[in-house]
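As you go down the protein sequences, you meet chains A and B in turn. With the working numbering, letter number 38 in the first sequence gets 38, and the count goes up by one each step, no holes. With the working numbering, letter number 108 in the second sequence gets 108, and the count goes up by one each step, no holes.
The hints are simulated quantities; they were obtained by calculation from the structure and are not laboratory data. Bear in mind that the values here come from a model prediction, so they are computed numbers and not experimental data. Glycine is no exception: its CB is placed at the ideal position from the N, C-alpha and C atoms. Treat the hints with care, since some could be wrong.
[Unchecked claim] Just some of the chain A residues that point at chain B, by a computed CB distance under 8 angstroms:
no., residue
1, S26
2, G31
3, M98
4, S134
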Amino acid sequence: MDRIKYKHIVDKYKSDENKIINLVISFLIGGLVGAISVGLTDLYSYILDIPSKDATTFMIVTLIIISCLFTALGFFDKWVTFAKCGLIIPITGFAHSMMSSSLEFKKEGFIYGIGSNMFKLAGSVIVYGVVSASLFGTIRYVFFGG
Amino acid sequence: MTYLYSFIFVGLVSALGQLILDNTKLTPGHITSIFVVVGAFLDIFNIYDHIINFVGAGAMVPITSFGHSLIHGALAKTSEMGLSGILMGMFDLTSAGIISAIIFSFAFSLIFNSKD
Numbered sequence: 001m002d003r004i005k006y007k008h009i010v011d012k013y014k015s016d017e018n019k020i021i022n023l024v025i026s027f028l029i030g031g032l033v034g035a036i037s038v039g040l041t042d043l044y045s046y047i048l049d050i051p052s053k054d055a056t057t058f059m060i061v062t063l064i065i066i067s068c069l070f071t072a073l074g075f076f077d078k079w080v081t082f083a084k085c086g087l088i089i090p091i092t093g094f095a096h097s098m099m100s101s102s103l104e105f106k107k108e109g110f111i112y113g114i115g116s117n118m119f120k121l122a123g124s125v126i127v128y129g130v131v132s133a134s135l136f137g138t139i140r141y142v143f144f145g146g
Numbered sequence: 001m002t003y004l005y006s007f008i009f010v011g012l013v014s015a016l017g018q019l020i021l022d023n024t025k026l027t028p029g030h031i032t033s034i035f036v037v038v039g040a041f042l043d044i045f046n047i048y049d050h051i052i053n054f055v056g057a058g059a060m061v062p063i064t065s066f067g068h069s070l071i072h073g074a075l076a077k078t079s080e081m082g083l084s085g086i087l088m089g090m091f092d093l094t095s096a097g098i099i100s101a102i103i104f105s106f107a108f109s110l111i112f113n114s115k116d
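Hey, can you work out the whole structure from these sequences and the hints?
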């Protein structure tokens, strides 16, 4: 009886780590975010009567606001645990990391809490983005003429 | 049709990230940083521009497009002021995303408290 119970408990935690299911879930959720973003872009370019290239900026800002708000309300963490890279790789993950780290360190005060910890996780994206973009941008400017 | 292409492209990028996350010891922080560097690298040969032209707005959603936008803002300024444009124009295209993320993170962290 105990052995069956044990096996049951082990299976319950094992199924969470199934790599193929993780892959399918992150594909579907990531794809859904992509499809929603196209819908938002079309909506904005239709309502505001602007070219779709400008509407993408509004779309990205909307995604950031939504993921910040849902993280602050407390249920975006569960979605990220479920969808993993499906929500981490899109821009929602960037906003989620900033929002959750500033919420987490709020109790340490405004300067040393929110101010210095907001970019705790998102800072690496900006640092390596800027370093690599300046390196590759210089290469492209010198060899391909901008 | 852009809906389908965007679904497949963003889904594939996310699944690639998940594949790396599950099979190596890298954390999500490593993976997002690697993807940004890859996005900037693909733009030396204009590859990411072709992807955006083909896929549409969905290609701007993965974090790889952050690297693409950084390098394009920098290169757009170099046409005016030479090599120093890389310093001046780096954040031209991405500032909307970064600034809105800072403002709303700050505003919501004033209002809400951590749940756990």
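*So which of the earlier hints does this model not fit?*
Hint check: nothing fails, all pass.
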